[in-house]
Amino acid sequence: MKIRTAGRHTREGFKNLFRNGWMTFASISAVAVTLLILGIAIILTLNIQNLSTNIENQLQINAYVSDSVPATALKGLEQELFALQGVRSIKFISKAQALLAMKKQLQQNSNLLDGLGNPLPNEFVIQAIDPSQTVSLAQAVKATPGIQNVQYGQSYINKFLAVISAVRDAAFIFIIVLLVMGVFLISNTIKITIFTRRREIEIMKLVGATDGFIRGPFFVEGTLMGIVGALVPALILNELYQWLVTSVTPFPPFSFLPLAFVMQRTVIVLILCGVFMGLWGSIVSVRRFLRV
Amino acid sequence: MIEMQDVWKEYGNGIAALSGVSVQIKQGDFCFVVGPSGAGKSTFIKLMYREERPTKGHIFVGGFNIERLRERQIPIMRRHIGVVFQDYKLLPKMTVAENIAFALEVIEASRRTINRRVAEVLDLVGLVGKGKMLPQELSGGEQQRVGVARALVNKPSVIIADEPTGNLDPENSWAILKLFERVNDQGTTIVMATHNRELVNACRKRVIAIEHGQIARDEERGEYGYED
Ligand SMILES: Nc1ncnc2c1ncn2[C@@H]1O[C@H](COP(=O)(O)OP(=O)(O)OP(=O)(O)O)[C@@H](O)[C@H]1O
Ligand SMILES: [Mg+2]
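Chains as they are written, first to last, in our numbering: chain B, 1 to 292; chain H, 1001 to 1228.
Derived from the structure by calculation, the hints contain no laboratory data. Incorrect hints may have been included.
As the list claims (entries may be wrong) - Computed list of lysine-lysine pairs in DSSO-like fashion (alpha-carbon distance at most 27 Å, straight line):
hint	chain 1	residue 1	chain 2	residue 2
1	H	K1089	H	K1178
2	H	K1089	B	K15
3	H	K1093	B	K15
4	B	K75	B	K95
5	H	K1132	B	K15
6	B	K2	H	K1155
7	H	K1046	B	K15
8	B	K2	H	K1178
Whenever a hint applies, use it, and build me the whole structure from the sequences.
Written out as structure tokens, the structure is:
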């Protein structure tokens, strides 16, 4: 193919977008609506993923040291615990620090603690490298001599994580269903488009156009519709997400992923899907009428 | 130039449209194809540019053996033939100039050649200044002249037309015929199926009459010969 022919296909593809005004509009709308919902699903999934990471990162083991362990042995105990399999970090909170923190929490009621001395034990806060290993790590910690008791937010957090993972799976299925619907929507639009354009293809063949020559502008047209159909929802989502991030302040463990991070991923997926749908649509539409 | 040897055409539904047609048309000939409705004229024409394929027999058009043609060669063959249709077959969304230029873009001609040739044929068919209009903005006669211009633009050695004046009034029909005569004077072969008695009788060209799928008459300076 000569360069001038490639140029001609591009020009014709562009012109066809305008020549077939309403059909172009309908096709782009179908792509845009599908991709808008897909984009929302992607952003949701990314943030849910982020939420569960946040929560997993907050999974910690509180190991209470028995009072029989002398202050001089604490350093050794810390090293012993840190050496356990799968420990990411360990932090020491002394009795005094713990009391101070509690008084702060109780605020004006802190006088309740007066006269009790310090009932709180020394404490290590341990995090596992792999959050899912928290339970087994907690057992190992508990088995260490000098540790009186351990606590870890196992029960409710695990339930929470299970819910999140269910939501994630649901979102995934939702995306699949959506894509199928989108393909259906677009193929319907294309069917109408083909019908109005079969005569056009027929005439091109009669004038001596090869199949490849006829396809050229259709491909350009399909690709352009796909890109425009992806950019429209991308812009909308960008504005919406920006608005959300700036106007809503979430409390931990909820947090929004940064705009740039989310949009980079979303826009790439949307454009790829858009181009795929556009190209796929044009291949289907021309193939059916090339046999003249 | 065009040769058919014992050509038969039976459509899928069992209708025999042509039964043993043999004919020779030389380069530079001008011939009318006449006959009653349903006689097989359009089939005869369609076989020449391979819109239909013969059930039996051989067809040669300008050096191409039509029934041996590979799928990929069909477009190449069609570029050597200009076809004109009763319903013009113009692309409605393209301007007049674009419709004509299309036949040249297909052969990857340069922009300059395209512009020059389009201007030339627009002049030839008398549509200078209407290149930017859309087909629907033209009269039927003008649309058919665009159809002829498109058929002529890549200088084919033969023009094949199926009832090109079928939708036109006498005045416009004459204009199309005059165009064909001019092109024919320059050596282009013309094959034209028609029901137009006045044109045929006034011209005294070669007339091939088809009846019931067979050649009933083939006269050098023939007449229309039917009462309709
Ligand atoms: N695509 C087709 N499928 C089946 N039969 C067809 C087809 N085209 C034409 N025929 C039949 O073949 C016969 C010849 O048709 P054709 O169109 O060649 O006639 P014609 O001489 O051009 O008639 P007219 O003057 O009315 O245009 C007719 O009986 C017609 O019904
Ligand atoms: Mg006919």
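So if I understand the rule, the pair passes when the alpha-carbon distance is 27 Å or less; does B/K2 with H/K1155 pass?
Answer holds: B/K2 to H/K1155 is near 22 Å, not above 27 Å.
Does the alpha-carbon distance linking B/K75 and B/K95 stay inside the 27 Å limit?
holds (15 Å)
For a C-alpha distance cap of 27 Å, please report whether H/K1132 and B/K15 respect it.
holds (15 Å)
Is it true that the CA of H/K1089 sits at most 27 Å from the CA of B/K15?
holds (20 Å)
Are the Cα positions of H/K1093 and B/K15 separated by 27 Å at most?
Within the cut-off at roughly 10 Å; holds.
Proposed proximity, H/K1178 with B/K2 (alpha carbon, max 27 Å)
Violated. B/K2 to H/K1178 sits at ~38 Å, over the 27 Å cutoff.
Is the hinted pair H/K1046 and B/K15 satisfied, with a Cα-Cα distance of at most 27 Å?
violated (32 Å)
Decide if the proposed pair is consistent with the structure: H/K1089 and H/K1178, CA atoms, cutoff 27 Å inclusive.
Holds, because 21 Å separates the two Cα atoms, which is no more than 27 Å.
Checked against the numbered hints given earlier, the structure breaks hints 7 and 8 and satisfies all the rest.
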